[in-house]
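Participant: Below are the chains, spelled out letter by letter.
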Amino acid sequence: MTQTLSRESEGTRIPEVPSRAPISLVLSDFRVLIGRNIKHITRNPEMLLQAVSLPIVLLLLFRFMFGPAINVTGMAYIDYLLPGLLAVSIGFNSTSTVVGVASDLTNGLVERFRSMPMSAPAVLVGHVVAGMLRSLVSFVIMVAIGFAIGFRPGGGLLGWLGAIGLLVLFSAGVFWLAVLLGSVAKTVEGAGGLGMILVFVPYASSALVPTAQMPGVLRVIVDNQPFTVLMDAVRALMNGTEVGGTAWLALVWWGAITALAAYLATRKFRRRAKG
Amino acid sequence: MVTGYAIEARGLRKSYGDVDVLEGVDLSVERGTMFALLGPNGAGKTTTVRILSTLLEADGGTVTVNGHDVAGRTRKVREQIGLTGQDTAVDELLTGRENLEMMARLFHLPTAKAKTRAVELLAQFDLVEAADRPVKTYSGGMRRRLDLAISLITAPPVLFLDEPTTGLDPRSRAAMWDAIRELLDGGTTILLTTQYLDEADQLADRIAVIDKGRVVAEGTAGELKRQVGTERLKLTFAGAAEAERAHRITGGVRADETVSVAIDHSAQVRRVLNQVADGGLEITGLDLSEPTLDDVFHTLTSTAGENR
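First to last, the protein sequences are chains V and C.
Each residue of the first sequence is one higher than the one before, counting from 1 in UniProt numbering.
Each residue of the second sequence is one higher than the one before, counting from 1 in UniProt numbering.
Just chain V, same shape as in the assembly:
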């Protein structure tokens, strides 16, 4: 008793650690770390610029150079292309998250967090949410540019809401996958390499060209991989064409991927952090 008092008399006021309910503490940790990752976006505008510029280059390239040679039935090529590129851009955006998580794990920051009475997975939540916000920025930019170069989708408000809802779920899945890859990577350089998975897999889809002309086996794979399912659903919703069951299928796919990736990433992260 006297010992603790003598510490206070030294002039340094000891801040009390308030004892709130754990859930509100966890939410507070989430808020703080989401804020941290959002600050990273503003401190490092090159990163955002890079993440947005490649999909824009692709958009312009395919709209004006390759587009005239590609035939899609039932809609203008730009209306076909843009929804797919939105998904590609989210994958591209996630690479810096893979690197960010790996660098937190290797530079001692996570070690410090672990010695503190806080929620360790909050670090991952911060990365995921900030990544999704970054994707929102590139979404807005791409749709705006799309409208400027002839994107005229025929979907109604409900279709758009559905499409945006699916894209939000999809980006949650992609960023949890990114966070999982970042937790698995042994080094920051390795993380850069692993992140490429999320750049290239979306290309093996219906993003740029319809799958109808693809050879048999490839077509079966591409048609059924979750990126294609998502793009087909978003495309149909935005354009107001026949959606069929793809929207539900996309919902199930990406709901499951998000849940599984979040579970695995959190588990892996806890283990890694324990060293």
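Take the hints with a grain of salt, since some may be wrong.
What the hints assert, rightly or not - DSS-like cross-link-like pairs, simulated, lysine-lysine; straight-line CA separation at most 25 angstroms:
hint: 1; chain 1: V; residue 1: 186; chain 2: C; residue 2: 136
hint: 2; chain 1: V; residue 1: 268; chain 2: V; residue 2: 186
hint: 3; chain 1: C; residue 1: 113; chain 2: V; residue 2: 39
hint: 4; chain 1: V; residue 1: 39; chain 2: C; residue 2: 115
hint: 5; chain 1: C; residue 1: 136; chain 2: V; residue 2: 39
hint: 6; chain 1: C; residue 1: 115; chain 2: C; residue 2: 136
hint: 7; chain 1: C; residue 1: 225; chain 2: C; residue 2: 212
hint: 8; chain 1: C; residue 1: 113; chain 2: C; residue 2: 76
I should point out that these hints are in silico values taken from the structure, not numbers from a laboratory.
These numbers were taken from a predicted model, which means no experiment stands behind them.
Go by the hints and put chain C onto chain V.
Facilitator: Chain C alone, transformed into the frame defined by chain V:
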């Protein structure tokens, strides 16, 4: 529950696969004192600190920090400790102030308190001017000070410092020492690891020499020095080969081209000098002095002489 010890470890064991990193480490650190864990690289210092600070689970043994069992009451322990690891664990893209505020919020201080605490610590660690610059522009010494400031946000009663001055230039090192002494004056219990003997000598009340996962000696700097004789005769030779032969003849401790021999009695000096002369070795330098921790270290750690 209230013992005089802020940190007590009994029989700590840890192995990675076949490699035994800790082979039964015992430590007792009295409240309000500084305890140094001194040892070469790979001796088990960092592993010990990581176990004491809840980052790592021991394979065997018990640890209490301020009376709380580290295994059972991890969260309680975490509220009472501060840790500065070997890496400076700060966010490079944020400013010094933002780092402090973020960490304070993660210690669950209310926002307003987090801000005032950041201001206090920036002043205490001489970082006011750099407060609003991103940390990536900081020098090594500034980073370490920020790192130390972060571990003091809650004014924890127990502080772990894992090699706090490794890689710093002499001036930053002295500044760090001053900061650490101030904390000690404020009543904080500090456990420090270091490979620098002078650091342990300068700062610590008690020192444990750790080597190959065992505590090979423990005591005050004075006690440890006494273990290696009241005085040391240091002989310098023309080369390491000569020194090695002198080491064989006299049984003294060799470091490069010097050999130092414990002297308890003045007659021993003549005997040692005669032994060396009989061996046909020429002495280029000679010094009789109080033993330093260096001598203690080289005498006690098995890596001394042969492999270094």
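Participant: All hints are to be evaluated individually against the structure, with a verdict given for each.
Facilitator: Right, here's what the structure says about each hint:
1. V:186 to C:136: Holds, because 23 angstroms separates the two Cα atoms, which is no more than 25 angstroms.
2. V:268 to V:186: 12 angstroms, holds
3. C:113 to V:39: The hint holds at about 21 angstroms.
4. V:39 to C:115: 17 angstroms, holds
5. C:136 to V:39: Measuring from Cα to Cα gives roughly 15 angstroms; hence the hint holds.
6. C:115 to C:136: 21 angstroms, holds
7. C:225 to C:212: 21 angstroms, holds
8. C:113 to C:76: 21 angstroms, holds
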